[in-house]
Amino acid sequence: MIRVWSGMNGKDGELMTTIDIPGVHTEQGLKTEDLVVNIGPQHPSTHGVLRLVTTLNGEVVKDMEPVIGYLHRSKEKMAESRSYFQYQPTLDRVEYLSSFFDHYVYVASIEKIANLKVPKRVQYIRMITMEMNRITSHLLWFGTFLLDLGATSPLFYAFREREDIFKLFEDVTGARMMYNYYRFGGVNADLPPGWIEKCRQFIRTVPQKIDEYEAIVTKNPIVLDRTVGIGRMDYETCMRYGVTGPSLRATGIAQDLRKTNPYCCYDEIDFEVPVGKHADVYDRYLVRMAEMRESCKIIEQCLDRIPGGDTQNIRNKQAEIEEARKIAKEKGEDPKAIPDIDPDWQYQGQKINLMTYKPPAGEAFMTCESPRGMLGCYMVSDGTPKAYRVKWRGASFSNLSVLPELMIGNLYPDLMAIFGSLDVILPEVDR
Amino acid sequence: MSEEQKENGKEPAANTPEKPEAGASTQPAEKAPAAKPAAPAAAAKPAAEAAPPPPPPAGEFGKALEGAGIPVSHLGPDAEGIERIDIAPADLLRAGEFLRDQSQFDLLLSCSGIDWKDRLESVYHLYSTKTHKSLAIKVTAVDEHSPSLMPVWPAADWHERESYDLLGIKYDGHPNLTRILMPIDWLGHPLRKDYKVNDPRLVWNER
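Line by line, the protein sequences are chains W and D. If you count the first sequence from 1, position 214 lands on 214 in my numbering, and the numbers rise without skipping. If you count the second sequence from 1, position 104 lands on 104 in my numbering, and the numbers rise without skipping.
Simulated from the structure, these hints should not be mistaken for laboratory data. Source: prediction; values computed, not measured. Glycine residues also receive a C-beta, built at the ideal position from the N, C-alpha and C atoms. One should not assume that every hint holds.
Said to hold, decoys possible - Straight-line distance between alpha carbons at most 30 Å, and here's what the computed DSSO-like set of lysine-lysine pairs gives:
#, chain 1, residue 1, chain 2, residue 2
1, W, 386, D, 170
2, W, 386, D, 193
3, D, 170, W, 75
4, W, 259, D, 63
5, D, 130, W, 259
6, D, 170, D, 196
7, D, 117, W, 75
What the hints assert, rightly or not - Chain D regions said to be covered by chain W (calculated; three or more residues, Cβ under 8 Å):
#, region
8, 67-81
9, 102-114
10, 129-135
11, 177-191
This is chain W alone, in the form it adopts within the complex (with noise of 0.2 Å):
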């Protein structure tokens, strides 16, 4: 039964009649019926291949059942057919946003396993490119996350940034995104001369340029009415699903492993971690926000502090200590007398055959920050060429299985906006 009131704003003014068609109408108003809906795989704003089977009840979600494994490309297979370092290049795949992660986790597992030494400057270079890495990432996630939102520009504007970085690490790496840069015990090549210098000019107008992101959107009118109160996800939560990074930290909670479980030299670095209030949709978008000035602070800390400086000046002193073992042949005295250059200026610990490296046999469970949350790699090696088990623990998997959890009984147009900001990405998912 319908009843029809004579007010504009439904019962303020008198009941002038009521509508009741059996059958169509309830006590409640207009009979609605339940209709399951496939979202995706094939979706523009699932970032990647998602299906979502989803019912609803009008706008309201009344299930909803993620279906993943479009994208499996078994990489935890291919590691029993290849050698450790033939299988390295498959990781940019993984998680081609921030793969510098991936590759941290594969190579510091097997460098914990076969008790490689990973000299200081090998450690710094990994700390600037990660962070580096967790901007484009960032980057990418907030112009992708607006996208979804209806709003074009701040795509636009992120991706300025995103492509001057990658032309950053195209100097050092070669290449734009599949990177296959750290080594065990060490890096592919040194940094080359003058791009610390390149990079810190750069790194210093990121602070200005993130102002001017959140000029256009931290506090527009149509963001907040769309994201302050979505999604609402306590702690409790996150722990029954797993869920780490940006997500969990915007429950206020201080969980990021680069201060609680320092890895590489994140001890020696002054940085704090941003945590969030309301646990709500535009708290995860701060978090990540205020995540990429802290990485500013970090990368231009360990640009100061890198052992050695800039490339030039490591050559110029390799070149002074031959030439001074020169004079000293001539001279006839020992050669040797005069000091090797220091072993943490080095960007390779020890010289290994990568074609033919075997760790010895042993296990590790490596993990690190990444910018989706606690990426993990499990390694078994049995002393073959091969790895015995890789296992991935992507932060994207546990991330995404909350989703159900925070959709069910919300509306369908909010969807977007809760599912961009778990910043899931999906070949990480399945891998």
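Please arrange chain D on chain W, whose structure you already have, making use of the hints.
Quick look at chain D alone, frame taken from chain W:
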């Protein structure tokens, strides 16, 4: 974690072999930590070479579990320094509840299945957001069956489904144990070591 490492540092530094060649034996990985005593110890007593390797040191959480009356076999720390323990399937849920409530492990990071050719094993990696420590629990499946940890950590849901999908470990008590990454009508479990990659029945795209 640092405390743990210090404690283990007193034991023979067997968990991380000194040189890549030192531990290049072909035995299974979890026996490796105790397989070779540290170089100084071996040099002092060459006769001890034939003696069985010393048992791995008991870690903090393994001891706590034993104190609560739950039998545990200690496997020592892994190369990263994470304590590893082996728990019988019958005691798993009890141990899980103890670790969650007493040792504050609130986050289940992953469940990895391993095919050791003669047995299937699940490795659960736990992390505590309160104490920032990690722990690895190993459970050997009996006839491909292993209890599910979902009643303790609901986060195990998708991870156990993945392990079932790729290795065929059946988790008793899991409410929805179906394939998750592979197509729903796929044959076999791809990460098994005896899995045939070129089986004509598996040409999925040409059916």
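Outcome of the hint check:
1. The suggested pairing of residue 386(W) with residue 170(D) holds, with an alpha-carbon distance near 27 Å, which does not exceed 30 Å.
2. The hinted pair formed by residue 386(W) and residue 193(D) meets the criterion: a straight-line CA distance of about 13 Å does not exceed 30 Å.
3. Taken as a hint, the residue 170(D) and residue 75(W) pair is honoured in the structure, with Cα atoms around 22 Å apart against an allowance of 30 Å.
4. Restraint check for residue 259(W) and residue 63(D): the C-alpha separation of about 28 Å stays at or below 30 Å, so the hint holds.
5. Pair hint residue 130(D) plus residue 259(W) holds up; C-alpha atoms about 13 Å apart against a cutoff of 30 Å.
6. Between residue 170(D) and residue 196(D), the direct Cα distance comes to roughly 21 Å. Compliance with the 30 Å bound is thereby established for this hinted pair.
7. Restraint check for residue 117(D) and residue 75(W): the C-alpha separation of about 20 Å stays at or below 30 Å, so the hint holds.
8. Interface restraint, the region 67-81 of chain D with chain W: holds (3 residues with C-beta to C-beta distance below 8 Å; minimum three).
9. Counting residues of the region 102-114 of chain D whose CB lies closer than 8 Å to any CB of chain W gives 7, so the stated coverage by that chain holds, three being the minimum.
10. Using a Cβ-Cβ cut-off of 8 Å, 3 residues of the region 129-135 of chain D lie near chain W, which meets the minimum of three, so the contact claim holds.
11. Here's how the region 177-191 of chain D fares: 7 of its residues keep a CB closer than 8 Å to some CB of chain W, so the rule of at least three is met and the hint holds.
This entry satisfies every hint, going by the numbered hints stated previously.
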